[in-house]
Amino acid sequence: MYVAVKGGEKAIDNAHAWLAEERRGDLNVAELSLEQIREQLALAVNRVMAEGSLYDPDLAALAIKQARGDLIEAIFLIRAYRTTLPRFGRSEPLETGEMACDRRISATFKDAPGGQVLGPTFDYTHRLLDFKLAADGAPVEVPQAAPRQEATPHITEFLNKEGLIEEQPASDAPAPDLTREPLETPAERPLRLQSLTRGDEGFVLGMAYSTQRGYARNHAFVGELRIGKVAVEMELPELGFAVEIGEVELTECETVNQFKGSKTEPAQFTRGYGLVFGQSERKAIAMALVDRALRWKELGEDNVGAPAQDEEFVLYHSDNIQATGFLEHIKLPHYVDFQSEIELVRKLRAEAGARKEATQ
Amino acid sequence: MTKENPRKDWMGTLAKAPAEALAALWQQAGLAPDFQWLRRPEIGAVMVQGRTGATGAPFCLGEMTVTRASVRLASGEVGHAVVQGRDRAKAEQAALADALLQSDAAETVKRDIIAPLAAGWAKTKTERAAKAAATKVDFFTMVRGED
Numbered sequence: 001m002y003v004a005v006k007g008g009e010k011a012i013d014n015a016h017a018w019l020a021e022e023r024r025g026d027l028n029v030a031e032l033s034l035e036q037i038r039e040q041l042a043l044a045v046n047r048v049m050a051e052g053s054l055y056d057p058d059l060a061a062l063a064i065k066q067a068r069g070d071l072i073e074a075i076f077l078i079r080a081y082r083t084t085l086p087r088f089g090r091s092e093p094l095e096t097g098e099m100a101c102d103r104r105i106s107a108t109f110k111d112a113p114g115g116q117v118l119g120p121t122f123d124y125t126h127r128l129l130d131f132k133l134a135a136d137g138a139p140v141e142v143p144q145a146a147p148r149q150e151a152t153p154h155i156t157e158f159l160n161k162e163g164l165i166e167e168q169p170a171s172d173a174p175a176p177d178l179t180r181e182p183l184e185t186p187a188e189r190p191l192r193l194q195s196l197t198r199g200d201e202g203f204v205l206g207m208a209y210s211t212q213r214g215y216a217r218n219h220a221f222v223g224e225l226r227i228g229k230v231a232v233e234m235e236l237p238e239l240g241f242a243v244e245i246g247e248v249e250l251t252e253c254e255t256v257n258q259f260k261g262s263k264t265e266p267a268q269f270t271r272g273y274g275l276v277f278g279q280s281e282r283k284a285i286a287m288a289l290v291d292r293a294l295r296w297k298e299l300g301e302d303n304v305g306a307p308a309q310d311e312e313f314v315l316y317h318s319d320n321i322q323a324t325g326f327l328e329h330i331k332l333p334h335y336v337d338f339q340s341e342i343e344l345v346r347k348l349r350a351e352a353g354a355r356k357e358a359t360q
Numbered sequence: 001m002t003k004e005n006p007r008k009d010w011m012g013t014l015a016k017a018p019a020e021a022l023a024a025l026w027q028q029a030g031l032a033p034d035f036q037w038l039r040r041p042e043i044g045a046v047m048v049q050g051r052t053g054a055t056g057a058p059f060c061l062g063e064m065t066v067t068r069a070s071v072r073l074a075s076g077e078v079g080h081a082v083v084q085g086r087d088r089a090k091a092e093q094a095a096l097a098d099a100l101l102q103s104d105a106a107e108t109v110k111r112d113i114i115a116p117l118a119a120g121w122a123k124t125k126t127e128r129a130a131k132a133a134a135t136k137v138d139f140f141t142m143v144r145g146e147d
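If you read the sequences in order, they're chains B and Z.
Residue numbering for the first sequence follows the UniProt record's numbering, beginning at 1 and increasing consecutively.
Residue numbering for the second sequence follows the UniProt record's numbering, beginning at 1 and increasing consecutively.
Just so you know, the hints here were simulated from the structure itself, not pulled from any lab data.
Covered stretches of chain B (chain Z as the covering partner; in silico rule of three or more C-beta atoms under 8 Å from a C-beta of chain Z):
no., stretch
1, 74-87
2, 165-171
3, 231-240
This one's a predicted model, so the numbers in the text were calculated from it and none came from an experiment.
A virtual CB, placed ideally from N, CA and C, is assigned to each residue, including glycine.
Excised from the complex, chain B in its bound form:
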C-alpha cells in the first residue's frame, strides 16, 4: 500500500545546498574544469560513455563533476539525459577493420601483419606510485616512428583462411535495441552484446573471471585487442547515400577459444567478441569472455549450470542503473510497509503466546 506523505521539502532543499558546497570542496583549491576532467580523467570519461551508452566526452565530464566522481551516479545522469534526445536514426555498422589503431596486440600471433603495437598502455608499468605526478607534470617528449599508412587487418582473418575458426557471416538482419523494446530472454547474440557493452564493468569482469576459474571454462586467448578511432557513417535520406557524421574511439577484443567440437560443430576455434566505447580494454576482454560463455547453446555445448552461461542471470543483473535503482530504493521511506510488518510480528507473537498458555 502506498500512502502519500508530505513534508521534508525544506530539509531536502538544505541538503541539496550542502551537497553543492561539498561538491565544490575547499574554496582555496582551484575548481575542476570540464576540460580537465575530459583530458586528464579520460578513462573515467570513457567508462561513463560506455555504460551511459552515449558517446559524448563533454557530457560525460560534466556528469562526473556533478556526481563528485561517483561513476555510477554519473552514468545515471547520462542515461537520464539520453532519454531526452530525439533519435535521428542508426549508423551503418562500424568497420572496425578500418580503425586507426593506437594500440593493437595479439596474444596468439607474434608476427601478425601490422605487428604488436603497445600504444599508451599501463601494461609493463610497475604499479608503483609515481610521486613526480604529485608535482606539476612537465610535457613529455613522445618518440615517433614512420606511421603505418594502410589499415591493420583483423587477426582472425588469418585463421579463417585455414578454416580453423568459425566464420562470422555478414548479415544485415536489423539489430534489436533494448532501449526501444524491453530486454527479454532468450536473447539473440546482438541483443546480448548490446546489454554487455553497456553493462557494469565490475559485474562483467566478475562474470568473466568466474569462467576463467572454472565455472564454464572456455579456454580464451586474446586473439586480438585493438584501440583506436573509427569513422561513423549514416545514410541521410535527403541524400540517398551514407556520409561520415563523426568518429568514435573504441576498444575491440576478439577472443579465440579452444573448442573440441560438439554434436553439431566440428573441432575448431570459436570466438567471443567485445566492443566498447572509449579506451576500455578490461571491459572489452571481459565482455568477449562472457559473450563466449553465453553462446553454449548455439555451439551445442553442455550447460554446466555456471552463472556465466545463464543469460537471464547475466543480462538482468549487468545493468548498474537498474541494479542501483532497486538496491537504493530500500533506503527511501517504507514506513507503512514496515508498520504492517510490525503488526504482523506482534500478532504472530500474541498467537504463539496464547497457544503456549493453552497447552500449559
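Given the coordinates of chain B, assemble chain Z onto it according to the supplied hints.
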C-alpha cells in the same frame, strides 16, 4: 578522397572537424550568405551499430550525440549537416558550407575551409599513427646453445 562522390568527402570532413576549428575558419573566410532554414539546428542522437565478431550481424553499441541542420541559399542550393556533438553553430556552418560547395563559391570554400580542416585532421591522424608506430615491438631471439 573518393573521386566518385566529393560531397561525401566534404561532409565527412565537416562532421569530424572540431567545432572551434570550423568556427575559426568560418570567421576568417568572412562568409555570410543569404539563406533560409529548412531545418533549424537540432540536437539528437544516432544509434551507433557494430557487428558481432566484427563481421557478422549488426548490434546496437550505444548512441552518440549529433546536431543536424538544413539550409537553402538565396541562390537555391540546399545544404545538409549531421555533425558529431551538440554545437548548433557547427551544424549551421557545416550546412551552409555544404550548400556553398554546390554553388559558385565552391572553390573559395574548398580552399579556405575544407582544405585546412582536412589537413588538420590528417596531421592529427599521422601524429598518432607515428606515436603508435614507435610503440611497435621489435622481437629478437636470444641465442642459446654451446657456442
